[in-house]
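Colleague: Can you join these two chains into the complex? Each is in its own frame, and there are hints to help.
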Amino acid sequence: MDHRFESPAAVRSSLGQVNYLSDEGIAGVVFLADRLGKPVLVEGPAGTGKTQLAKSVAEILGARLIRLQCYEGLDESKALYEWNYKKQLLRIQAERNNESTWEDIETDIFSDEFLLTRPLLEAIRAEDPVVLLIDEVDRVEVETEALLLEILSDYQVSIPELGTIEARQIPMVFLTSNNTRELSEALKRRCLFLHIDYPDMEREKQIVLSKVPDITENLADQVARIVRSIRQMELKKAPSVSETLDWARTLLLLGVDTVNEAEATETLHILLKYQSDIAKATKELSGDKGVRKPGVPRT
Amino acid sequence: MTPPTATEVANGATPPPASSPLLDLLEGFMGELRAAGLPVSLTENLDAMQAVKHIPIEDRGAFKYALAATLVKNNAHWRAFETVFEVYFSIRGKEYALDVVSDGEMPDPDDESLQGQEANGQPGAGGGGDGLTPEELQRMLFQALLQGDEALLRALARQAVKRFAGMEPGRPVGGTYYLYRTLRNLGLDDTLEELMARAREDSPETLTSLEERLERDEYESRIDRLKKEVEAEIRRRLVADRGVEAMARTLRKPLPEDIDFMHASREELVSLRKAIFPLTRKLAVRLARKRRHGRKGPLDFRATVRRSLSFGGVPVEPKFRYPRPSKPEIFVIADISGSVASFARFTLHLVYAIAGQFSKVRSFVFIDGLDEVTSYFEGVDDIAHAVHRVNTEADVVWVDGHSDYGHAFEVFWNAYGREIGPKTTVMILGDARNNYHASQAWVVKEIQKKARHVFWLNPEPSSYWDTGDSIVGEYGVHCDGVFECRNMRQLERFVDNLV
Chain A
0 MDHRFESPAA VRSSLGQVNY LSDEGIAGVV FLADRLGKPV LVEGPAGTGK TQLAKSVAEI
60 LGARLIRLQC YEGLDESKAL YEWNYKKQLL RIQAERNNES TWEDIETDIF SDEFLLTRPL
120 LEAIRAEDPV VLLIDEVDRV EVETEALLLE ILSDYQVSIP ELGTIEARQI PMVFLTSNNT
180 RELSEALKRR CLFLHIDYPD MEREKQIVLS KVPDITENLA DQVARIVRSI RQMELKKAPS
240 VSETLDWART LLLLGVDTVN EAEATETLHI LLKYQSDIAK ATKELSGDKG VRKPGVPRT
Chain B
0 MTPPTATEVA NGATPPPASS PLLDLLEGFM GELRAAGLPV SLTENLDAMQ AVKHIPIEDR
60 GAFKYALAAT LVKNNAHWRA FETVFEVYFS IRGKEYALDV VSDGEMPDPD DESLQGQEAN
120 GQPGAGGGGD GLTPEELQRM LFQALLQGDE ALLRALARQA VKRFAGMEPG RPVGGTYYLY
180 RTLRNLGLDD TLEELMARAR EDSPETLTSL EERLERDEYE SRIDRLKKEV EAEIRRRLVA
240 DRGVEAMART LRKPLPEDID FMHASREELV SLRKAIFPLT RKLAVRLARK RRHGRKGPLD
300 FRATVRRSLS FGGVPVEPKF RYPRPSKPEI FVIADISGSV ASFARFTLHL VYAIAGQFSK
360 VRSFVFIDGL DEVTSYFEGV DDIAHAVHRV NTEADVVWVD GHSDYGHAFE VFWNAYGREI
420 GPKTTVMILG DARNNYHASQ AWVVKEIQKK ARHVFWLNPE PSSYWDTGDS IVGEYGVHCD
480 GVFECRNMRQ LERFVDNLV
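Protein sequences appear in the order of chains A and B.
Its first residue numbered 0, the first sequence is counted upward by one per residue in numbering that gives the first Met the number 0.
Its first residue numbered 0, the second sequence is counted upward by one per residue in numbering that gives the first Met the number 0.
Calculated directly from the structure, the hints in this document are not laboratory data.
These numbers come from a predicted model, not from an experiment.
Using N, Cα and C, we set each Cβ at its ideal position, and we do this for glycine too.
Where hints are given, some of them may not hold.
[Said to hold, decoys possible] Listed next, the stretches of chain B that the computed footprint assigns to chain A, with coverage defined by at least 3 CB atoms under 8 angstroms from CB atoms of chain A: (1) 42-54; (2) 207-216; (3) 433-444.
[As the list claims (entries may be wrong)] Derived pair list, reagent style EDC-like, types lysine to aspartate or glutamate, alpha-carbon separation capped at 20 angstroms: (4) A:Lys-282 to B:Glu-211; (5) B:Lys-281 to A:Glu-142; (6) B:Lys-281 to A:Glu-184; (7) B:Lys-281 to A:Glu-181; (8) B:Lys-63 to A:Glu-144; (9) B:Lys-273 to A:Asp-199; (10) A:Lys-187 to B:Glu-256; (11) B:Lys-273 to A:Glu-181; (12) B:Lys-226 to A:Asp-199; (13) B:Lys-281 to A:Glu-144; (14) B:Lys-273 to A:Asp-196; (15) B:Lys-227 to A:Asp-199; (16) B:Lys-63 to A:Glu-233; (17) B:Lys-281 to A:Asp-137; (18) B:Lys-281 to A:Glu-135; (19) B:Lys-227 to A:Glu-201; (20) B:Lys-63 to A:Glu-5; (21) B:Lys-281 to A:Glu-140; (22) B:Lys-63 to A:Asp-199; (23) B:Lys-273 to A:Glu-233; (24) B:Lys-52 to A:Glu-5; (25) B:Lys-52 to A:Glu-23; (26) A:Lys-282 to B:Glu-256; (27) B:Lys-281 to A:Glu-71; (28) B:Lys-281 to A:Asp-220; (29) B:Lys-281 to A:Asp-196; (30) A:Lys-282 to B:Glu-210; (31) A:Lys-235 to B:Glu-377; (32) A:Lys-282 to B:Asp-216; (33) B:Lys-63 to A:Asp-22.
Pulled out of the complex, with its shape left as it was, chain B reads as follows (with noise of 0.2 angstroms):
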């Protein structure tokens, strides 16, 4: 199972920049960077090559660090990163070496029992802790969390791995499912609690709910680590199976401004979220700025003349005519059902994150009714908060919960129709899934008569629209502009645009 350029890579002590085999390594390690969507310019190449010239490959970390400082220059690329850098070095250096467990990482050697076990077994052959019952390994596990012995984990990680994950070589399977079987053999969903019973007993008082929650985290982190270490030793072994380039395929995740709001995992969901702050921010400090910058007009001939007369008629202080852009008022329609709820969820933030450029915003959310959800953001900062409790009690259910935008639309325009003025612009949010019910699409074309502008975010991808039961062409002809907005960059272009 070993790969063949692990051990080229490893004797190589001091690697000639010019030698192949690193420099086909960093090749194929750019080109992948690359085809995960980082932008690395042939400077950064260059420089990332001078780099390595200075850091010595075994110096793992530093290695890793002189990479990312010449490669990566956006903090949210890091994780591509780390995945694509795990995948090309992982398994080069003899620490990492498949099988091998050195002994300085064996388990607790108070242990008596693995002693024993060990004295028998075949040194090396098999890795250390072999013989242990799975119960001998899970009572480790759990002494190894209790105290954040981090060697021991990472000796524990890779046993377990190699007992429980049921890896074979060629097996068509993702990560994740071996991931998923290691850590249901290692039970660790009560550990948490069990660790906090044990922290509780050896505590001489009870502890305090603050006592009790710094534990807890302690804790969490350490489980966090094991997982981590876990996944990683899956993923060196899946390398050595079947080679960097297909491992390095199978990982790739878009970045965080490319993830498609409708198919987002739950972490990829946090890690969205977690993007859309800064986001949201950099984009409320451009537009502020903009605005503030673009105000030279033309010359102001009249008032210029009004105000040469107090200087006799000398034009003293020319006036110029200052463009005042006007604030739209902005109507957010947005379906929150199933699929598209979380584009819903991600537009509203965004808008309410740049509130202060317009006028005025409400906003409506539906599923097959309708509910203004525009006083849960009135007074609050924290819009995450507010976000969440439109999602949980606005009142949007009116028949059975499916989506039925031609409902919900007359609904709108009966109760707020009027209200809609020349200054007012119209951002409907949906994929226009109306389940084949009607889809009263006249309720867009007279909003479209008295709004300023009715624009239709669609987050599906534009190739689906007017398939099934998508209606959004019926819809859009009143539009004007229906958008494909599936991720966070064609949503920012979007909102940038509007303003």
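Bound-form chain A, shown alone (with noise of 0.2 angstroms):
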């Protein structure tokens, strides 16, 4: 089979190329996903860039992305293939009066005609090049996540009805979770592991400098090492790649060039979600060292 990438290296330039900035492990995890034709099982927390990876990778490959999006009460209908039984009931109608005998009938309404293809079958019977994400797997409940395990080991479909349906290529395959819940090992055994993590600052300040057109190096910096600064706070919620992005955009249209602490404070709350995270980065960014690390051992 052709490899779609030459080298980590390769991967990272290409993905680089589409305004995403990966580092060495993701690009690493995405080589080694297409040369062992593995799913990928990417981590961490919200907002740092999961889903944005399986889009990306798609758009440097030209594929079709196709995505399911995970629930908790998610079953096989939604996410495998469905019958479609109203055009079945139509059938068995209008066969009435037709002396077809009920052998024909039945293999007439389990055919392709009368399948709805739901996102995995889709992926799986694609012509064309795919990418398929699966995400926030971790909303799932542990029963369902058996639906998953067959598609990503073997890349097939077993329908009772018409046999196995093989994968015509191995898509590259996704799956994001935010880890609220320990996923099964048989989930985890089959695939790749990739944890992102919050990028570190000099990282931070590339991606902001790439995706907000018009910031001067001076703000992506100082936005990079503050948020830096925050996320050594202990929080409920540090902020995320997205949330830096956005205060990025903001000093930007209120026309700041180098942020001082009252624009930092008074911006705080589009980069933090709560109001006890807000009011502890305003204590501390403003000089306070009272309580930097609460909660340290009493010896």
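Modeller: Have a look at this one:
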């Protein structure tokens, strides 16, 4: 089979071309996923570009992105396939006058024509190159996870009435998880694991520069540094990359070129979403070194 | 000091997967990962072997991530993996050869004194920078930190280890000893302030407190990096001296969920505190789901018949009896003295994180006196902060601040005993080391009579129970269960069963 990428470095540079700044780990895992033909399980805090990774890979491959958004209560008929039973009923009604046997009708109504494909099956049957994104897989119940296993390890779907449908080509598969629960061992075993954390300062600055047009280098640098500083505090929810970008855009709109304390604290609500976090960050940024690390063990 | 395998691996430009050195190395590596507690399955093992076929070992970063992607499926285990990886692969590869510092990494060429020294020195033999006086070394280090020059930092870290750590082959001391020696000699304690002072001088205007903070963060992170370099260098040397297996064994650390509460080091406590948040969140989600889903009961015949009357006696709509699991009321009584304090802290944290699962949570802490701390948690969304307040503000000392379970229980019984009802579950946390005071076990007996359950969680290994001044057995007979609860894993299991 042809490989999609030459080397991890090639992955990295082509991702860079579509404005997705990866790092060594991300590029390496995407490269391996292609070579080994394995799905990638992407985990990490919200807003660090997990979903965007799948989109960007689809973009550089010129592939169609098929997305399955997971939620509690997702079942076979929403994820894999469903029989179009209304059409089947119509068919039976229409056949009533003819002298066709039951066997004929049965083989007829359980054929392709009456099959509604859902994302997973669609990805398997696609002729054109596709990237399959199974988003927030931690939201489905443990039992539903089992639905995914066959497709993830063998790239096939078994439909009792039709037999097994195998993939025409091995698509790239990305699963994302916000880690609200432990995924089953069976699922993890079938995937390559990639943890995307908050980027380091230098990378974050590059991300801001590439995603926010017209921003000055100086402002991007400051933004990245302040965000790093905020992430070091103990917060309920640390600012994500997307929030950093929103903040940078806001500062730009306000016509700020060097952030000072007042501007930083006034616009903090864009970075932080909890009142207690905002209060804490305001206090710390305005120079109060009082509670840097609460709960330090008392000995 | 050069290890035999380093050259073998470094020379094998394209390591054929079947060739034994790399394979053996990987075998050992996986074995060590398993020994460190990472669940590495056979499939994952095979995947890793497949993966390294595609990535040359020379590309060390990519190689590391390839192994990580196939072997580590839980981010909490990343650190353990990294340590093992460092040990197994750190000394392999030319640029990591021990005593040779390549010219590219040589210290600042602008430094005249250094250049002079170097010309005279024997190149390659002892590495560069040997002739530096300690003051010069320090000065260069300061410059490197100020400018954030990574390569220079790395070179200096090596030099510092070589010079200050005083490492001798075969000496049976831990790596932390060498680390301590090196860092003490570098005198990094004041460096941060000096750097800050310099930053203040260099800036045209006075720094605002925001700028000050940012500068400080930057320098702190650089100093951290230096420390990491030093640590890595020491490790490399130790591996070379003692061999990979022995080194890996000494560095083996428990995973966050297996860290013993009572003997956690400061650093481990930090990693525990980081681990507890995702853990509690997961637990809360799981419990909430359980409650939502387990709601299919048997047919409620009476209600169905009653309902059928509106349809002329046809049971159109069957009625079911839904189980209504009662939400227990929780009383937590925790010993927060000395060694068991961290255990109490984590348990309180966990209990309050899932407070939604209980109808009411009340908490009491004691050493030899007892105080109710429920109010600290009310309307607070930062549990860690509330727990911190408990540890600093609660009035728990009666006489001398040594645990006195007997007196604490007596106080509890007199003040709050009548509030215990049949829906109450009482959790007592502590090691029951009573300093030979009177046990007053009758209180626990009385509590058990009134309460739904009484559980005792003991952070000591069960083999230590009832030794010395531990009288957990005396209380235990009146409890519905006494559980050993030494680490996060056991604690989580207990709370899961409780709900």
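Colleague: Against each hint, give a clear statement of whether it holds in the structure.
Modeller: Against the structure, the hints come out as follows:
no.	hint	verdict
1	42-54	holds (count 7)
2	207-216	holds (count 7)
3	433-444	violated (count 0)
4	A:Lys-282 to B:Glu-211	holds, 14 angstroms
5	B:Lys-281 to A:Glu-142	holds, 17 angstroms
6	B:Lys-281 to A:Glu-184	holds, 16 angstroms
7	B:Lys-281 to A:Glu-181	holds, 7 angstroms
8	B:Lys-63 to A:Glu-144	violated, 29 angstroms
9	B:Lys-273 to A:Asp-199	holds, 19 angstroms
10	A:Lys-187 to B:Glu-256	holds, 19 angstroms
11	B:Lys-273 to A:Glu-181	holds, 17 angstroms
12	B:Lys-226 to A:Asp-199	holds, 18 angstroms
13	B:Lys-281 to A:Glu-144	holds, 17 angstroms
14	B:Lys-273 to A:Asp-196	holds, 14 angstroms
15	B:Lys-227 to A:Asp-199	holds, 16 angstroms
16	B:Lys-63 to A:Glu-233	violated, 30 angstroms
17	B:Lys-281 to A:Asp-137	holds, 10 angstroms
18	B:Lys-281 to A:Glu-135	holds, 14 angstroms
19	B:Lys-227 to A:Glu-201	holds, 19 angstroms
20	B:Lys-63 to A:Glu-5	holds, 19 angstroms
21	B:Lys-281 to A:Glu-140	holds, 13 angstroms
22	B:Lys-63 to A:Asp-199	holds, 19 angstroms
23	B:Lys-273 to A:Glu-233	holds, 9 angstroms
24	B:Lys-52 to A:Glu-5	holds, 14 angstroms
25	B:Lys-52 to A:Glu-23	holds, 18 angstroms
26	A:Lys-282 to B:Glu-256	violated, 33 angstroms
27	B:Lys-281 to A:Glu-71	holds, 15 angstroms
28	B:Lys-281 to A:Asp-220	violated, 35 angstroms
29	B:Lys-281 to A:Asp-196	holds, 19 angstroms
30	A:Lys-282 to B:Glu-210	holds, 15 angstroms
31	A:Lys-235 to B:Glu-377	holds, 17 angstroms
32	A:Lys-282 to B:Asp-216	holds, 16 angstroms
33	B:Lys-63 to A:Asp-22	holds, 13 angstroms
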